[in-house]
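S.K.: Build out the structure end to end from the sequences listed, making use of the hints.
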Amino acid sequence: MAVLRGLGRRIGERLLASLPALLGVVVFTFLLMRVLPGDPAVFFSSGPNAGQAEIDAVRRDLGLDRPIPEQLLRYLRDVGTGNLGRSLTTGQTVVQDLTERLPASLELTLCALVLALGLALPLGIMAAVRPGSIVDHAVRMVCTLGVCVPTFVSGLLLIYVFYVQLGVAPDPTGRIDIFAAAPPDITGFMLIDFALVGDMEGWRAAASQLILPALTMALFVLAPLARMTRASMLAVLGSDFIRTARSIGLSRWRVIAVYALRNAILPVLTMIGIVFSTMLGANVLVEKVFSWPGIGSYALDALLASDYAPVQGFVLLMAAVFVMVNLLIDVLYGIADPRVSVA
Amino acid sequence: MIRDEVPPTRATPGVAVMNFNRRQGLKGALGAAVGASIAGIAAPQEAQAQTRAETLRHVMGGTVNSLDPTSPGSTRESYGVAMSIYDRLASFGRKQIDGNWVFDLDNVRGELAEKIDRSADGRTLTFHLRPDATWHDGTPVTAEDIKWSLDRAVLARSLAPSQLSSGSLTKAEQFSIAGPRTVEVKLDESDRLALANLCVPFAIMVNSTLAKKHATADDPWAQAWMKENTAASGAYMVESNRPGQQLILKRNDAWKGGAGGELPFFRRVILQTVPEAATRTNLMERGDADLSVDLASSDVPALQQRGKVKVVSIPATNAFNAIVFNTQMPPFDNVKVRQAIAAALPYDDIFQAAQFNRGRALFGAQWTEAPSSAFPQAMPLNLDLDRARRLLAEAGHPDGFATTFSFATSYAPFAEPMGALVKEALAKIGIEVTIQKMPDSQMATMITEKRVPFFTDSGTAWLPAPDYFFRIYFTRNQRWNFSSWNNPEVNALVQTARFETDPAKYDAACMRMITLLGDQVPQIMLWQANTDAVMAKDVTNYTYWFHRQVDYRDLKRG
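The listed protein sequences correspond, in order, to chains V and C.
At position 343 of the first sequence the residue is numbered 343 (the numbering used here), and the sequence of numbers has no breaks.
At position 40 of the second sequence the residue is numbered 1040 (the numbering used here), and the sequence of numbers has no breaks.
Just so you know, not all the hints are guaranteed correct.
Claimed, not checked - Below, a sample of chain V positions facing chain C; criterion: calculated Cβ distance under 7 angstroms: (1) 42; (2) 57; (3) 289.
No lab work stands behind these hints, which were simulated from the structure alone.
Predicted model, so just to flag it, every value in this text is computed and none were measured.
Using N, Cα and C, we set each Cβ at its ideal position, and we do this for glycine too.
M.R.: Have a look at this one:
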């Protein structure tokens, strides 16, 4: 109990300590957006007959006619009250857009991560157990290929093979077949929602939409995870306690899976945290290719259109996610290696 | 609010559709036991086939960001969908050119009005409403609704007033109720484009009783509410809307506004945003999507060749691509410099490399006086290097100068080859060109602020009357006057042509403006690009509309 309480307190402290960083991110993005060339008022009042009056009207609506310090204070006040502004691109509030799109991105990223780990850990361990062998070289080649091929190439290739040629994959347009009914919006995670209402056919349909984009993303992050597993396992396998474990006659499997892996997992965990955050925000290309309604493509569209509010909201969200993921990874450290504490 | 609406449970046939598609999804699950489910698929497939045939799936790169086309910032896709959701008082007809349907500016029919009278002096338009016209909620369309809608179009702070002012529609006092189903529009002068302006997407007719319920003191025209809701009478109603992802329309079976009172063919239209052009191409080729008008133009010839889809290529009759000079900025303020560059460009090569010759050329004519009042028409632009060198020397730049040629990122597919050829061609007469590619929003800002010396851009006129083209693209200090051209004679002609009732005088004025454009070359007209509408082979009746979006009311299958 005391341990849990201590953990809770430390988590609270960590969250509190991340607030200045979040504030910094908000202010920085706010200023950056205004320094970038491109005027949203001009871009969005480009109706066939729009003149200066329309541009000024949009500018007034957006509050861009006020001095920048005033705009910043207003924005901070809005953020404090949970209002991230309105997207000109979709016409919705940014909060609405993000709450709709974050689950889509999270679902895809988590599935891709699970898929990647499911491949990377065995591959990395296999390569580490027999360094320099054929297996090791094969794993190295797979990893090199995965990281060399840009995601939009592998995505389009997968679409071409499984959708265009073989016709086994559903059309690559979003999270669910366009003609099928969506599940009730409970968690926003389609797989969970379908499972909750017990609609297994819907669940399979959603899963089949998910599999190609998840695979595309997984292939790309396979390399860092597998290579990190291999390096870390190699170091651990050469250490004294493994030799001891072997010498007292523990089974080979037990030595690798229990003693070596648990000690080798710390750097892999760090890598997972980094990979996850990167995948969530930066997989714009996969989202574009598969028409996935995620936050990455949303932010990119907004950025290209000089649509300030969504970009600022997105960066804030990503910063918050990054803080949470780091915290989670630290907690996992503690579980993997009791010598590490969350503080 | 429609946004979060889960697609509603449909009547029995719809449920069959759902089930079938889940099975289809199951088939799609990689490695699922396909064989086992085949028996189960067979029966619902027929039900599906029937409903699928009456459903149109349109995939597009953009999004519909507002259901009210007049709200500032609404996208072009919003204009297109507004044509199907809302009615206007009148509508352009359409005509066939080379076997393709194209809108016809000169042939206006009633939409919500069954009859339109124009007084002898051309200053009064009388609209007699259809007696059987109803709003989507079933209540009848009244003259009060029309008056409110027209007032909204000229008074609300939206995109509509500036458009409607191009037809001399500016004040609420111009609109009056002349009877229970009659509305009068009075004009100070007989503007040639007054009626045409009531056919554009901004002139929507709104169910005022419904809209007023959602109006507030700050927002008397219910603009906030109408961005996400509709108060319309048009051929389609919104079934569900997920902005940025998809919009589903269902047919309004009580609609009477079609030509001959005919209902549209498709019962359901799905507008789906698929950002990646390659994915749209795949969907079309696999037969999963029915229509796309924004595929990558480099993909279209290959698609056509493989023959799995139908490609309808129509030159955009109301658009142009051009190379623009900033005529207020040296050295392009010197007409001889502009003429020199115009004589130095290899037009045929540019057309081939940048546009694959897919379109109608606007260069290569030989006249010195415009032969007709049609616009855009082929201009006297021809490659003549000797003339170019001579003109450049006369302009005081015998050794040339250095400049930049700019374009927006979204234009890159054709602007990059164009830029390379321009650079190469102008090097021959000593002009050193640096190519500059800018993000769209930055480019838009720079053009509006008139800070780009030499660039490529394109324009569309909703109402392609020659004087309207000139008014928008060649006069006044505003964004669309790309070249900032300020020619006193053109400025004066534009003002008189607008109210000219004598066709011969009107034509003469337009020809004079075109002649001046050909001589002064504030911008080099290049071509009218083809719009390539790619559709399933059984989809017919596609019409090219002035707003360049799809009008779902025209389309048929089979």
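S.K.: Take the hints in turn and mark each one as holding or not.
M.R.: Verification of the supplied hints:
1. 42: Hint holds; residue 42(V) Cβ to chain C Cβ min 5 angstroms, cut 7 angstroms.
2. 57: Interface hint status for residue 57(V): holds (6 angstroms vs cutoff 7 angstroms).
3. 289: holds (5 angstroms)
This entry satisfies every hint, going by the numbered hints stated previously.
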